[in-house]
Structure formats: C-alpha cells, structure tokens
Amino acid sequence: MSFLEMLYFIIPSAILYATPLIFTAIGGVFSERSGVVNIGLEGLMIVGAFVGIYVNLEYASTFGEATIWVAMLAAVIAGGIFSLLHAVASISFRADQTVSGVAINLLGLAVSVFLVKMIYDKGQTDMITQSIDRFGIPYLQDIPFLGPLLFRDVYSTSILAFAVAIGAWFIIYKTPFGLRLRAVGEHPMAADTMGVKVNRMRYIAVVISGALGGLGGAVYAQSITLNFSHATIAGQGFMAIAAMIFGKWHPIGALGAALFFGVAQTLSIAGSGIPYIQEIPAVYLQILPYVLTIFALAGFIGKANAPKASGQPYIKGKR
Amino acid sequence: MSNRVINILVPIISIIIGLIVGAIVMLVSGYDPVQGYMALWTGIFGDSYSIGNTIRQITPYILAGLAVAFAFRTGLFNIGVEGQLILGWLAAAWVGYAFELPKVIHLPLALLAAAAAGAFWAFIAGFLKAKFKVHEVIATIMLNYTALYIANAVISKLSDGGFKTERIHESASLRSPFLRELTDNSSLHYGIIVALLMVVVMWFILEKTTRGYELKAVGFNKNAAEYAGMSVNKNIILAMTISGMFAGLGGAMEALGTFGNASIKPGFTGIGFDGIAVALLGANTPLGVVFGASLFGSLKYGALNMPNAAGIPEEIVSIIIALIIFFVASGYIIRVGLQKLSKKKEGQ
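So the sequences go chain by chain: A and B.
Per this note's numbering, numbering of the first sequence is gapless, rising by one per residue and ending at 321.
Per this note's numbering, numbering of the second sequence is gapless, rising by one per residue and ending at 359.
Be aware that a few hints might be false.
As the list claims (entries may be wrong) - Derived DMTMM-like pairs (lysine to aspartate or glutamate); straight-line CA-CA distance at most 25 Å:
{"id": "1", "chain 1": "B", "residue 1": "K276", "chain 2": "A", "residue 2": "D128"}
{"id": "2", "chain 1": "A", "residue 1": "K310", "chain 2": "B", "residue 2": "E237"}
{"id": "3", "chain 1": "B", "residue 1": "K144", "chain 2": "A", "residue 2": "D128"}
Hint data in this document are derived by calculation from the structure and do not stem from the laboratory.
Computed from a predicted model, the values in this text were never measured in an experiment.
When you get a sec, could you build the whole thing from the sequences and use the hints?
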C-alpha cells in the first residue's frame, strides 16, 4: 500500500467514525454551556441507536431510501424526550447532575435491551436493510488528491455533522440565544438579574443535547454496526464527552477533536492492515483519546476550562 | 418530622416508588408483575443455592459501594470505581497464578496486590486533582476506559493471544468447600468476610482516627480545613487512594472467589457504576452501604431467574435500579413533600 492509498483509506474512514462523535459532542457543548453536566450522553446515544434501528427495521419497506432519515428523526425525538428525565432531575429537583447522568446511562441501556428482548425475543436485532451509504460528489471527486481524500467516499450524515458544527458555533456565539445560554452557564445569578429565564434556558439546552446524542447514536448504528445489541454503543458517548472537553467546550473545537479521535479509532480497528501502523500495539491507539483529554485538562495542551457554573443547580435567591 | 427520620424515609420511599414504577412498566409491556416479582423473590431466597449466590453477588457490591461512599464523605466523586476494580481484578488474578506460596502468604498477597492496583489507579486521579485542579469526575471517567483497554491488552499478552489468564492456584483462592456444601454447591466464597471487614475498616478510619477527621473536614469545607492547618492536597490524594483500595479489593473478589481468573471484557462490568447507587442509597455510611449492596446485589442476582420463571427480560431490574437512583438523587423533592405532609398533620 502506498502512502497515498493509505491516506485515501484512513481519512474517509476516520470521518465515518468521527461523525457520530461530532453530533454527540456538540450536544454536550450545548448542555455544559448552559451549566448542566451531561454524563448521560452514552445512555442518550444508546436510546438513539435503538430507536433508529427499530424504525429502520419496521419501516424500511414503507419509506425505502428515505428510511434512514425517518429513523434519524425518530431518534432525535426519542433522545430529546429521554433527556427530559435528566433535565427534570438535575434542574427542577436539584439532583446531583453526575448521579442523574449515571442513572440516564443505566436506564438508557436497560430500557433499550428490555425493549429489544420484548419485541424481537432475542438479545439483538436483525441487520438493517437500508443503511447510510457513501457516495461521490460529482466534479469535486475528480480534483486530484483532495477528491479521493474528501469527496469520493462521502456519507451524507458527515456533511450534516459539519453543518451542525458550524450551525452550533453560529447559534452559541452569534445570536442572542447563544449569549443567554453562555451567560446562564457562567453566572446564572447575573443572567437572572438581566431577565433571562435560567431554568428554561437549561431545559432547552439539555433537550438539544439529548436530541443530538440520539442522532449520534442513530448515525452510529445505521452506518457502522447496522444492528442493535447491548454492545452497539460501547463508550462512544464517553468519547464524545472527551471530544467536547478536548475541544474546550467550543463547537468547532469539538468537531476537530472528534475528527482526531476518529483517526485514532480507525487506526486501532484497521491498523493491522496498514504498514508502520501495525507495529504500534492497538491498545495505545485505543487509550489515546482518553489520555490526551486528561493531558488537556491538566494543562499540558493548552488550558481547558469548564463553564463556571457547570454542575451546580441554580437556586433563586441563594447567594 | 425530624431530619433523621426524613433521611431514612427518602431511600425507603425511593425503593417503593421504584418497585411500583417497575410493576407499571411490566404491566404496560404485557407482562404479569406479580409473577415477575415472585420470580425475583424465588431467584433471591428460593433455596440455599440461590441465597449462597446472592451473597456472593453482594460481596463486590459492598466494596464498590464503600469505595464510592468513602470518596463522597471526603467531598470527592469517584466515578472511576469501575476501572480501579478491573485493574484490581487483573492484579489479583496475576498474583494468584504466577506465584506458588503457602496460603497464609499467598492469599493476603493477592488481596494486597488488588488493593494496591486499585489504589494506584485512583491515586492518579487524586494527584491530578491536587496538583493540576483536574475535576476528578472527568479524570476517573477517562481512566475507566484506559484501564479497560490496558487490562485487556495485558490479559492478551499474558495468555499469548488468548482471552483469559491461567487459573489461580488453590493457595490464593477465596473459595471454600465448607461454604459450598452449606449452600448446595453455590459459588459462595470467603470474600464476604473480607468485604464486611472493610466495612469496619471504613467506619474505623472515618470515625476513630485523626486522619479520618481531617479527611471529613476537607470534604465539609476545604477552606476551613486549610485554615485549621490541614493539608487539603494531601488529604485529597489520600482519600482517592483509600477509595481505590476498596475498589481494587472488589475486583479481587471476582478474581479470587467467583471466577478464578481474569478474562478480556468487551465492556464494563457494571459493578462500579452500581456502586454509586449502593453508596447513594446507603447515605454514604458504612452500615448503609451494607444495606444498599444487599438490596442491589439481591435484585441483580434474583433477576437472572425472571426470564425462565416468568418470561420477563432481566433488564427490568436494571430499569428499577436506575429509577431508584433517580429518586434518591431527587431526594430534595421527596423531602419537600414529606415536610409539607408533616406540617399539614401538625396543623390539624
């Protein structure tokens, strides 16, 4: 395999693996920017993956090629609704946000596997018939080097992911809504004084994170695993949290971090077939995203600072 | 109603609501909740074999619960029990088969190795928090996956590409023919004694030593503790290390008692995360942890009987456990409800 062929293989595959991480990590950015820690992203992805696969299996004959989009929409709604549990517990009932997130993870997995066993009478679903497929973008794919690298094997969901990242950046940094969101996460009391409804902003942010987490799960299941079982989402949600932190709670940063982790995942899975890479034990590539995130937090790779009020419930009138 | 009564009522009410919601879920899904809970009950207490295995299941839950509770008491959230437990499991299994020693040395050595492995892994998180202000929740989450992949790679290396280590020698085993016979060939082992001993150790450290007083003081108010001349950083690192020690021993229970080896895991064991539920339900006290672990350990083991006896997927119990965590965590709202209720009664 020449160096170019290697790149033409690694980069598209890395983007494939990065796509679900991008959606979910940006969901995390919304939630944390509003001051609610969301450890439950893993559970939200699991719910999204299950709903996506379920809708895909049941309605593939009705919707044909549009099935994947219907399934993703269903996952977005399911993720949004499921995240309301986290919102109610951690915003209204002042539960410890980390504990509530852990409960979301346990509940998401338990409910999904319970439903699979109830509906299909076995531990995993069949393979879906309509999966997210790659395609070549006309004209762009003929550009030398960049064409085969970026435009020959494209997934429509990857394009959507980039659009969501840029859209999230615009919303968070260029709109009044985004300013309020950040204010609520940095200094809720000041925001409240200025008339911003702190709890309402937080509810919206958590539901957005649930919707994007659900989308991430559905994309992962429909493009990579193609079925659903208890092990479909194994750590993707936590890796998305890592991408969010490594990207310093910024949508574009999260996008970059997710792409980088996508490369690491590709190399750890397919590295044995690639010269030079096969010399590196897979375990180093597997732990790379997590170790790098710890380094980033420790300040070895720039300083990563969480939003100030992240993790604390806002209680009116308390100083 | 006094605060003390409310503190005890909150977990009890949470358990009851959890079980009721579980019944509703079964009903809506077309299963018979009465049959389901009967199957659960027989799965836990049906015969001496079930009771033996239930106690075996409770053992690592006690240690995982102690790990989380100890950290909580000192103002830290150790969500990394899972990773510390996995490394403790591996260390105990390795010492168990790699050395040949008399039992009086071998078994304590294997337990010690597990405790040390767990303690070291938690120490990293404590060190990062003390020196670099890295939040321990994020650090331990990242360390969980790091531990999982490292343990899998080491097991693969130790077994020359296989998926599990050799069996531990009899001299390092916690198993006992006596307990086995007593419980009709269940896999009950002496680990429960180690776990209960650690309950006493946690109580002793926190309530009877100066160091424990300092650890709690730092948990209550960092600034006040520092003003009183205590080293906050030292206490943070120590608290995490002790917490990890309990978690590592939890892994040893699986290595030396239940399984007798360490095998490659596709994902987490779940014991570490359930430990959070145990600690929460037990209000982070040593005795409370025993109750919490008994409840969740029994539910988890009894659930295995549900698919066969009632045709209900065992995940229903995981749903109930997750719901109980939600309710306990939302204790604020239950407290408000209880206080309103008692005020109304006083008014009458």
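Please write out, lowest number first, the hints stated earlier that are contradicted by the structure. Of the numbered hints, just 3 does not hold.
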